[in-house]
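Chains as they are written, first to last, in the UniProt record's numbering: chain R, 1 to 311; chain B, 1 to 254.
If you are wondering where the hints come from, they were derived from the structure by calculation, not from laboratory data. Honestly, I wouldn't trust all of these hints.
With beta-carbon atoms standing in for the labels, derived distance ranges [what the hints assert, rightly or not]: (1) B:D85 - R:L89: 31 to 41 Å; (2) B:D85 - R:G193: 16 to 26 Å; (3) B:A59 - R:M281: 57 to 67 Å; (4) R:L89 - B:E56: 35 to 45 Å; (5) R:R210 - B:S251: 41 to 51 Å; (6) R:Y139 - B:E56: 44 to 54 Å; (7) B:T3 - R:R290: 41 to 51 Å; (8) B:D85 - R:I155: 32 to 42 Å; (9) B:G187 - R:R210: 32 to 42 Å; (10) B:E215 - R:W114: 46 to 56 Å; (11) B:L239 - R:F109: 48 to 58 Å; (12) B:S179 - R:L142: 56 to 66 Å.
Since this is a predicted model, take the numbers as computed values, not measurements. For every residue, glycine included, the Cβ atom is placed at its ideal position computed from N, Cα and C.
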Amino acid sequence: MTNKVNDQSGSNNSRSDRSFYDEPIKAVRLRHPWRIFSAALLVLWVIAFLTDAAGREAYDWNAYGEYVFDPRILKATIITLQLTAYSMLIAISLGVILAVLRQSPNPVFKAVSWVFIWVFRGTPVYVQLVFWGLLSTIYPTLFFGAPFGGPGFSIDISHSSSLFWIAVVGLGLNEAAYMAEIVRAGLLSVDEGQEEAAKALGMKWWATMRHIIIPQAMRIIIPPTGNEVISMLKTTSLVTAVPVSSDLYTRSRDISAETFNPIPMLLIASTWYLLITTILMVAQYFLEKRFARGHAQIAYGADPKIIGEGA
Amino acid sequence: MSTPMVHADRVRKSFGTHEVLKDISLSVNKGEVMCLIGPSGSGKSTFLRCINHLEEVNAGRLYVDGVLVGYREVNNKLHELKASDAAHQRSDIGMVFQKFNLFPHLTALENVIAAPTIVKKIDKDVATKKGKELLERVGLSSKMEHYPAHLSGGQQQRVAIARALAMEPKLMLFDEPTSALDPELVGEVLDVMKTLAKTGMTMIVVTHEMGFAREVADSMVFMDDGRVIETGTPDSVLLSPQNERTKSFLSKVL
Ligand SMILES: Nc1ncnc2c1ncn2[C@@H]1O[C@H](COP(=O)(O)OP(=O)(O)O)[C@@H](O)[C@H]1O
Ligand SMILES: [Mg+2]
Chain R
1 MTNKVNDQSG SNNSRSDRSF YDEPIKAVRL RHPWRIFSAA LLVLWVIAFL
51 TDAAGREAYD WNAYGEYVFD PRILKATIIT LQLTAYSMLI AISLGVILAV
101 LRQSPNPVFK AVSWVFIWVF RGTPVYVQLV FWGLLSTIYP TLFFGAPFGG
151 PGFSIDISHS SSLFWIAVVG LGLNEAAYMA EIVRAGLLSV DEGQEEAAKA
201 LGMKWWATMR HIIIPQAMRI IIPPTGNEVI SMLKTTSLVT AVPVSSDLYT
251 RSRDISAETF NPIPMLLIAS TWYLLITTIL MVAQYFLEKR FARGHAQIAY
301 GADPKIIGEG A
Chain B
1 MSTPMVHADR VRKSFGTHEV LKDISLSVNK GEVMCLIGPS GSGKSTFLRC
51 INHLEEVNAG RLYVDGVLVG YREVNNKLHE LKASDAAHQR SDIGMVFQKF
101 NLFPHLTALE NVIAAPTIVK KIDKDVATKK GKELLERVGL SSKMEHYPAH
151 LSGGQQQRVA IARALAMEPK LMLFDEPTSA LDPELVGEVL DVMKTLAKTG
201 MTMIVVTHEM GFAREVADSM VFMDDGRVIE TGTPDSVLLS PQNERTKSFL
251 SKVL
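Next comes chain R alone, as it looks inside the complex (with noise of 0.2 Å):
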């Protein structure tokens, strides 16, 4: 066989033609007609959806268009950007303290975090809001500081304008258990040689956490945390629970309750969800390359053929 792949070329097994070097290969390219196929089928099946649901009377597009950029909805849309924001941020520095106190040489620290994790997770977030709701029935004020009395401050929760920061602070809650477990995912992803050389180095616990482990850590952790802040976007649409009614879905119930017409009012809701998510998906992308510096394939600020050249 080689040798009459060889008697084609040449004895000495090269061609004398110099194109056949200098030139890069033109190949028939390989075909994928199922591909096509399929893709084409797809879009037939798009376009004969939307124009039917163009024309289709329950979807009422005029009201739509009259009211997807009415004030009301603007002002709900951006309660639920800000429950979103102020909620994982609570979540994602709790988790990230939870998930710390987690690996700490402190037995105390670890069974904290333990318990937070088992509690806030254990139970359904929507049972959580409820209870944050009604908390104030129960503890009209709420005690920090030392028990029985030592020195501490007191915060009124009774009023109704709380309800919005009890709702954050639910949300906050329930989803620093589950950030608290993806941090921690990222932080065992670490190689234990990175902490025992920064502990050689003479840095102490938390120097190694924040300088080494955590910021090493963080390759692993954004993905599912750009995961868990699409989720609470979503999420935030239980506030009525608490009961906050100003957020982006209660908001569009309560106007389609006026105009008994829900469909076009979910359409609106969700068409704000889905921007929202598009551009937090945009986010992501561009930190997780910031994230990503230093490993291997993606590194830059060095050219990848320097690898195993002498110095």
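Starting from the known structure of chain R, fit chain B with the ligands onto it as the hints suggest.
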């Protein structure tokens, strides 16, 4: 005689019921290079980790520069050191690992200046200037901005040595620094270590590079199964070993 840099007095160490170090006694004087050889699992790494208090010894006493490692002795009673005091003890002992353990998210230069700025709180500009000098010393002035993933093994290990030196250690511990390297890259790392030894640095080197040991080391210790089996100059241990276990080990590695 002045205090030895490292003095181990009947050191023992167990993991659970598994006794890994069973009575290690040895001394390394200031400015000396000691090479530690022995079969895999004989406890060489564990001993180095004890010197740096990455592990606690279970019995015996271990002194670095006359100071007890890991404990305070008050009225014949040992007290565990606070974490911050232990970290302080480690900060002037440099350690170089088989797998380099460079920080992959930091450039070569950032690796070198991390500990001085974080632990010693040295001004960043000052640390950077010194870091650049150190990288120059190990022959890497053109690689300062490179991430570890873009350096060869030999280059990474030289960065790791520079990183340890940046803390101005009085003692350097090397745990098989060339074992993970391709053969053609071993020389460049050994050269850096030889130069370092000539500057008078006290070093304990776990290695099977016998040529390096004979050229640089003042003493050589053969360990087996958690015990010191034979001690002497490299030539005496390598060329005329007295103990049967030393002989059989050397016949396998030489
Ligand atoms: N953290 C640990 N926990 C349990 N056993 C260990 C640990 N570290 C080392 N050992 C055991 O101690 C023995 C000596 O290991 P080591 O000091 O790494 O030997 P060497 O470096 O000479 O090859 C081995 O049997 C190893 O399995
Ligand atoms: Mg070892």
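Verification of the hints:
1. B:D85 - R:L89: 31 to 41 Å: 36 Å, holds
2. B:D85 - R:G193: 16 to 26 Å: For G193 (chain R) against D85 (chain B), whose Cβ atoms are near 24 Å apart, the range 16 to 26 Å holds.
3. B:A59 - R:M281: 57 to 67 Å: 59 Å, holds
4. R:L89 - B:E56: 35 to 45 Å: 40 Å, holds
5. R:R210 - B:S251: 41 to 51 Å: Hint holds: Cβ distance 50 Å, inside 41 to 51 Å.
6. R:Y139 - B:E56: 44 to 54 Å: For E56 (chain B) against Y139 (chain R), whose Cβ atoms are near 47 Å apart, the range 44 to 54 Å holds.
7. B:T3 - R:R290: 41 to 51 Å: 50 Å, holds
8. B:D85 - R:I155: 32 to 42 Å: 40 Å, holds
9. B:G187 - R:R210: 32 to 42 Å: Taking Cβ atoms as reference, G187 (chain B) and R210 (chain R) lie about 38 Å apart, which means the hint holds.
10. B:E215 - R:W114: 46 to 56 Å: 55 Å, holds
11. B:L239 - R:F109: 48 to 58 Å: 56 Å, holds
12. B:S179 - R:L142: 56 to 66 Å: 59 Å, holds
In summary, the structure agrees with every hint in the numbered list given earlier.
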